[in-house]
Amino acid sequence: MSWTAVLVLAAGTYGFRVVGPLLRHRVAVPARVQQLLTDAATVLLVGLVATSALTEGHDFAGWARPAGVLVALVLVLRRAPFPVVVVAAAATTAVLRLLGVS
Amino acid sequence: MRSVWRTLDRRTTADIALVCAADALVGASFGAISVSGGLPAWLPVALSLLVFAGGAQFAAVGAVLAGGSAASGVVAGLVLNARLLPFGVAVADVLGSRWPARLLGAHLVVDESVAFTIRQDDPDRRRAAFWATGASLFVVWNLAVLGGVLAGRFLRDTDAIGLDAAFPAVLLALVLPTITERTRGPAVLGAVLAVAASTVLPPGLPVLVSLLGLALVARRSKVAAS
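Protein sequence lines, in the order shown, are assigned to chains A and B.
One point on numbering: in this note's numbering, the residue at position 12 of the first sequence is 12, and numbering is uninterrupted.
Position in the second sequence (from 1) plus 1000 gives the number in this note's numbering.
In short, the hints are calculated from the structure, not lab data.
Warning: the hint list may mix true and false statements.
Derived coverage of chain B by chain A (criterion: at least 3 residues anywhere in the stretch with Cβ under 8 angstroms from a Cβ of chain A; other residues may be distant) [claimed, not checked]:
no. : stretch
1   : 1021-1030
2   : 1047-1054
3   : 1094-1104
4   : 1121-1131
5   : 1135-1141
6   : 1182-1190
7   : 1194-1203
Simulated DEER-style distance windows between Cβ atoms [to be verified]:
no. : chain 1 : residue 1 : chain 2 : residue 2 : range
8   : B       : Ser1097   : A       : Ser102    : 51 to 61 angstroms
9   : B       : Leu1201   : A       : Trp63     : 15 to 25 angstroms
10  : B       : Gly1037   : A       : Val101    : 20 to 30 angstroms
11  : B       : Arg1119   : A       : Trp63     : 26 to 36 angstroms
12  : B       : Ala1101   : A       : Leu7      : 38 to 48 angstroms
13  : B       : Gly1147   : A       : Gly100    : 24 to 34 angstroms
14  : A       : His58     : B       : Arg1119   : 28 to 38 angstroms
15  : A       : Gln35     : B       : Arg1098   : 53 to 63 angstroms
16  : B       : Arg1119   : A       : Asp59     : 33 to 43 angstroms
17  : B       : Asp1009   : A       : Phe60     : 11 to 21 angstroms
18  : A       : Gln35     : B       : Arg1010   : 44 to 54 angstroms
19  : B       : Arg1184   : A       : Arg78     : 28 to 38 angstroms
20  : B       : Ser1097   : A       : Leu98     : 27 to 37 angstroms
21  : B       : Asp1121   : A       : Phe60     : 15 to 25 angstroms
Quick caveat: nothing in here was measured; it's all calculated off a predicted structure.
Even glycine gets a Cβ: it sits at the ideal position worked out from N, Cα and C.
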């Protein structure tokens, strides 16, 4: 991956980010659209959680990783502190792999 | 900066600190995964400073480490970051009308700063939440990635310590409190569609497929209302 590739990704990403702040005073975003965009963000994040937890390329990620994420889900629902959630997820996955679960 | 922190209640400030701590783990793992996979040290550092989006950074580096081309890594990262466009619109109000703040603030539009901002209703608190989260995370994220890069030469197998489960765990802890009764159905449907799509679509695209969940459920509720 070259500097050119990094700069293209950086410029494109900044482009996406700056559209909203740039258009803010020229385009009035109706409350319903604003709500839809906020909902879209939530739906996208959940989609990102699901794909990064369950898939590796075109394939199933194996049982160890989703098991770790499932532990994270239970801990989040039980309002556990953030670092506990993350460390528990990684530890669960690591232990399962140590036991031979891929 | 002090007035920013004073505007936020202690619970929010503590939450932001915890998110920074958790993301430091993810950033360190990103740096470590990159260099232990054989990539040059400057790459994860430059991506973190200039792109500053964890998902896209993982997608870009992952594509290269998996043997994909740099172009496929860039496209995967850009497709993933397309979600920052609606994010930017959703938080545009907190960046005010001054140009330096708008242009600088745009770079701090990330999942976490948006998540903390949309949880607040009061304009002052929205602004404080955005800047506090975005600025703290930028500093912490880049230092953590640098630390991970330095430590990465000692880590040979990051999967063995479960680092790949940390990324979805972080996002899950962030997004779960923002899910309302209205978004629950679309989110679940979108997740199912995205995972199904990942069997055929190239990395980066399946996440965008999850938006279909929003469209389908919005349409259904519209029909039900009329």
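Inset, instruction - Please flag the earlier hints that this structure goes against, numbers listed from lowest up. - result: Result: hints 4, 5, 12, 15, 17, 18, 19, 20, 21 break, sorted rising.
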